[in-house]
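Residue strings, one per chain:
2 protein chains.
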Amino acid sequence: MKIGIVGGTGDIGEGMAMRLSPLFDVIVGSREKDKAEATCELGTETLRKRGQKCSLTGVSNQQAVDDADIVILAIPYKHLIGTLDTLDGFDGKIVITPVNPMEKRDFFTYIPPPEGSAALLLKSLLPPTARICTAFNTIAANRWKLLDVDLHYSVPVCGDDAAAKQQVMGVVNHISKLQAFDAGPLAASHLVECLTPLLLNIARYNKMKDVGIQFH
Amino acid sequence: MKIGIVGGTGDIGEGMAMRLSPLFDVIVGSREKDKAEATCELGTETLRKRGQKCSLTGVSNQQAVDDADIVILAIPYKHLIGTLDTLDGFDGKIVITPVNPMEKRDFFTYIPPPEGSAALLLKSLLPPTARICTAFNTIAANRWKLLDVDLHYSVPVCGDDAAAKQQVMGVVNHISKLQAFDAGPLAASHLVECLTPLLLNIARYNKMKDVGIQFH
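So the sequences go chain by chain: A and B.
35 is the number of the first residue of the first sequence in my numbering; add one for each residue after it.
35 is the number of the first residue of the second sequence in my numbering; add one for each residue after it.
Derived by calculation from the structure, the hints in this document are not laboratory data.
On a predicted model such as this, the values are computed, not experimentally measured, just so you know.
Take these hints with a grain of salt, some might be off.
Since copy identity is lost for identical chains, a pair holds within one copy or between any two.
Capping the alpha-carbon separation at 16 Å, the derived lysine to aspartate or glutamate pairs in EDC-like fashion look like this [claimed, not checked]:
#1 Lys69 x Glu149
#2 Lys243 x Asp216
#3 Lys241 x Asp216
#4 Lys83 x Asp216
#5 Lys127 x Asp68
Whole structure, please, built from the sequences with the hints as guidance.
Right under this line is the structure:
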């Protein structure tokens, strides 16, 4: 299975690529193909030193969409609309949004768009055949990158396409110790997206780093 | 320290009283004092059989407010305004709200009042000297009641009065294996209150019971 990461050279995308590429064929997309290639070279070298084989290919964001079975939009909320304006080819694709619309005011808070969530905004931007799932919202960039650290976290997954959701949950459950939980339809994504500002507040007020979540 | 539970004969209040009364003086309030007394008699007997001493007193809701150092509002959201209409004496009291404004539509979702959260609605209803903290939102009634089961959960606590928040976090940390986390000011309570519909969705879609949360 091929997983394409749009924004794959960003903070979160890069760590995701490192974690995913020993398990799946990973296509790292970037606005600048050169940057994606450099990220993949460095990533391959890092994993090789760890004795891990991987499959990492640096391409443009559009190529990452075109060549992938599953596309992960590893982009900040503020770039969501701008990035999608430049891309097409989402028909029938499984698209994962880990995007959290939030702002730091006196504290971190959730500022969803009028659609109700980043996931529903995304739905309004993509063709109706795109199979959108919300996932990976609460895994901090640093945790993705610390390859020696197991990810003992729960990952709530939302989506309206049952088969796509099953496939995404399968991907989640392959990564480190992550455990996927079905968190309902795509319209319930706001309840997942607003976990991240909560976790950032908890990190800040309790002097912790990269706080994650487990359900049990 | 005396803890008063308004709505202490309800589903959650009853379990809270059982867990708290071996640790603190617990005053169980109800609209019907007789009912509160019966709950306390039964609770005392249950705990005695387990070899636990306790301090449980059944009173009216108003008496529970008047006699307590810390008041817990163990009432459903739909009864919040109605119950507070009948009560006074909150000046200077520490008041804990575990109240979650939510509804079951196609799935469970968060429906906050115009104030932004149940906690901020409560703030508008109580005198300005009341020291409101959000806590205990995500512990299911059944978990409170299953006295043999340790509560391995995290409890996010919000509030604007630092000393009151410290005291509430101290109470939380005394109960079973609960661990309190400072989740910021009272205005951040919506991020805590909306955890409960998320947990109910996760329970429903993954065929689980009484799902709780841990931060780490």
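Each hint tested on the structure:
1. Lys69 x Glu149: So Lys69 and Glu149 fail the 16 Å test inside a copy (33 Å) and across (46 Å) alike.
2. Lys243 x Asp216: Answer is between; shortest inter-copy Cα gap is 14 Å, intra-copy 26 Å.
3. Lys241 x Asp216: between (31 Å within a copy, 10 Å between copies)
4. Lys83 x Asp216: Neither, since 36 Å and 41 Å both go past 16 Å.
5. Lys127 x Asp68: neither (25 Å within a copy, 62 Å between copies)
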